[in-house]
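Undergrad: Heads up: the protein sequence lines correspond to chains A and B, in order.
As numbered in my numbering, residues 128 to 454 make up the first sequence, in order.
As numbered in my numbering, residues 128 to 454 make up the second sequence, in order.
Check the hints yourself; a few may be wrong.
The list treats identical chains as one, so a pair stands whether inside a single copy or across any two.
[Claimed, not checked] Pairs of lysine-lysine, BS3-like flavour, derived with a Cα cap of 30 Å:
| id | residue 1 | residue 2 |
| --- | --- | --- |
| 1 | K322 | K361 |
| 2 | K434 | K322 |
| 3 | K237 | K427 |
| 4 | K339 | K427 |
| 5 | K223 | K322 |
These aren't lab readings, by the way, just hints derived from the structure by calculation.
None of the values given here were measured: they were computed from a predicted structure.
2 protein chains.
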Amino acid sequence: MKKLFIKALLLLLIFTNAASAADPLPSWNDTAPKKAIVAFVEQVTREGSPDFVPVAERVATFDNDGTLWAEQPIYFQFLFAIDRVNALAPQHPEWKTKEPFASLLKGDMKRALAGGEHAMLEIVMSTHAGMTTEAFEKIVTDWITTAKHPDTGRLLTEMVYQPMLELLTYLRANGFKTFIVSGGGIEFMRPWTEKVYGIPPEQVIGSSIKTKFELRDGQPVLVRLPEINFIDDKADKPVGIQMHIGRRPIASFGNSDGDLQMLQWTTAGRSARLALIVHHTDADREWAYDRESAIGRLDKALDEAQKKSWTVVDMKLDWKFIYVFEK
Amino acid sequence: MKKLFIKALLLLLIFTNAASAADPLPSWNDTAPKKAIVAFVEQVTREGSPDFVPVAERVATFDNDGTLWAEQPIYFQFLFAIDRVNALAPQHPEWKTKEPFASLLKGDMKRALAGGEHAMLEIVMSTHAGMTTEAFEKIVTDWITTAKHPDTGRLLTEMVYQPMLELLTYLRANGFKTFIVSGGGIEFMRPWTEKVYGIPPEQVIGSSIKTKFELRDGQPVLVRLPEINFIDDKADKPVGIQMHIGRRPIASFGNSDGDLQMLQWTTAGRSARLALIVHHTDADREWAYDRESAIGRLDKALDEAQKKSWTVVDMKLDWKFIYVFEK
Chain A
128 MKKLFIKALL LLLIFTNAAS AADPLPSWND TAPKKAIVAF VEQVTREGSP
178 DFVPVAERVA TFDNDGTLWA EQPIYFQFLF AIDRVNALAP QHPEWKTKEP
228 FASLLKGDMK RALAGGEHAM LEIVMSTHAG MTTEAFEKIV TDWITTAKHP
278 DTGRLLTEMV YQPMLELLTY LRANGFKTFI VSGGGIEFMR PWTEKVYGIP
328 PEQVIGSSIK TKFELRDGQP VLVRLPEINF IDDKADKPVG IQMHIGRRPI
378 ASFGNSDGDL QMLQWTTAGR SARLALIVHH TDADREWAYD RESAIGRLDK
428 ALDEAQKKSW TVVDMKLDWK FIYVFEK
Chain B
128 MKKLFIKALL LLLIFTNAAS AADPLPSWND TAPKKAIVAF VEQVTREGSP
178 DFVPVAERVA TFDNDGTLWA EQPIYFQFLF AIDRVNALAP QHPEWKTKEP
228 FASLLKGDMK RALAGGEHAM LEIVMSTHAG MTTEAFEKIV TDWITTAKHP
278 DTGRLLTEMV YQPMLELLTY LRANGFKTFI VSGGGIEFMR PWTEKVYGIP
328 PEQVIGSSIK TKFELRDGQP VLVRLPEINF IDDKADKPVG IQMHIGRRPI
378 ASFGNSDGDL QMLQWTTAGR SARLALIVHH TDADREWAYD RESAIGRLDK
428 ALDEAQKKSW TVVDMKLDWK FIYVFEK
């Protein structure tokens, strides 16, 4: 028994060493961003070090569109809205002659969006409001199971960045709590973020419309109202973070000017910080866009990243694989 | 070594049995509420049982005032506001003649609140807004360290119910995530809930005022604005729960009509549910109040509890100890 015990101990030691030697970020090339991530995580988790951060304070926030999954040629939530307009059209004969719905139903996106923000809002409210929270959850869950990307034909949930999934797992393995902080709809994300990213609904922060509690035949429901509650973008990302988390992240990850204030808020805290921007530079494997793009514009935040030495991922150079389906 | 090893194993076994045999709710009498709690927890955690609930879905929500700590003779947050009015008075000479401040500074609470909701709002905004989130956190942290109850002379953080602390610990030991869902200010609670209840800031839901992101000399701050953002009470408690947690609790704990809709929302879900009301029945050890009380009125929710067989704690009969300092 004594021998067996020692043998077990030895096996355990070997296993532990093997596990710690395994690369937690295999889809990342051994370039500067990966080194910065690993150095940061080792720095804040080393007990006794002056940079040590207790587990409870290891908060990491991630933008979603363009940071965890793709956002071209159009935000995926807008694909959802288009599909919903088409599905709901039979119940809305008036849409045949009413903009922006008429153009949208004809597939003329450009004309549908000519009405600007007002047109966008009309499309969002007609497809995201008017039902209970439970009904909306089911609609999203059903849709995301089969929704495919218009260019690649892949499931949208496969248009997720493999290196970022590894990063989420690596941070969580080191005691971090990972949150999404997205301009996208909070209830559009929650039905699938746990399965796809391992991020539970209570760690998803996003834009929202108002809801109202009602008793319907004695049964309580929450009804989604066609009224904006909160737009979780730009200067309101730190507001959303404070509202939901109540402490400042020590690491934040974004890809556009919409994330600038979140990165500023994160890095202005005391102790070690990590700010990382995913720069879309790979026109072959993904899309290449930054300062001039209507979607995911990265201009001011790119300047600030250079000025403040934030970590910038060059997708073409720094990522071995892009999508989960490549692995 | 072999003998030592076996001895250690035996000790471990004994220790484990002793621990599991220990009563997790020693401050509760062996009456119906304790039995209902233990039965519920065993039911939802028994693997393979049809009532089993996965850990991720074990969400429990707790009201704060009157449920986790006392709320008489006046909500403790109002004691904070009074102390702040006194502290800020030198900077506001105009308060000497301006209501509700003039009466408040003279200690005439009744007259100060004669202006109703408007007076209350003025007091709240003048003491809770106008500073950064960091400055407010420090003000609350400093205050709560020494703030005492006007009748008992105890620290307010000692006016916490020992049976409820045991309940929080018991639920967490069984995989529950415990949240506060209070009408009180979210940023008034967060600085101390982790220390006092073991509930981290990201699991605190409460009322809030709006905040605004600003760069001050290049440093990002969140400024607290004198504008209501959300009142987390009554029919808006389920709204707050959905906004912050995104899933329905399986257990909820309250003490007043302000918790009625939270209890309705919780119990309307599928699978086993626990709804519990703390009924203040002990005029000797605490306070006795319900249907007629201005603070913590329990009327409609008490009727509904009887109708729907929710668990009602009779503090006098069901609790061996009330406050943490009694133990």
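Undergrad: Now, for every hint given, state plainly whether the structure supports it.
TA: So, going through the hints one by one against the coordinates:
no.	hint	result
1	K322 with K361	within (27 Å within a copy, 33 Å between copies)
2	K434 with K322	neither (37 Å within a copy, 39 Å between copies)
3	K237 with K427	within (27 Å within a copy, 54 Å between copies)
4	K339 with K427	between (38 Å within a copy, 20 Å between copies)
5	K223 with K322	neither (38 Å within a copy, 59 Å between copies)
Going down the numbered hints, you'll see the structure goes against 2, 5, while the others check out.
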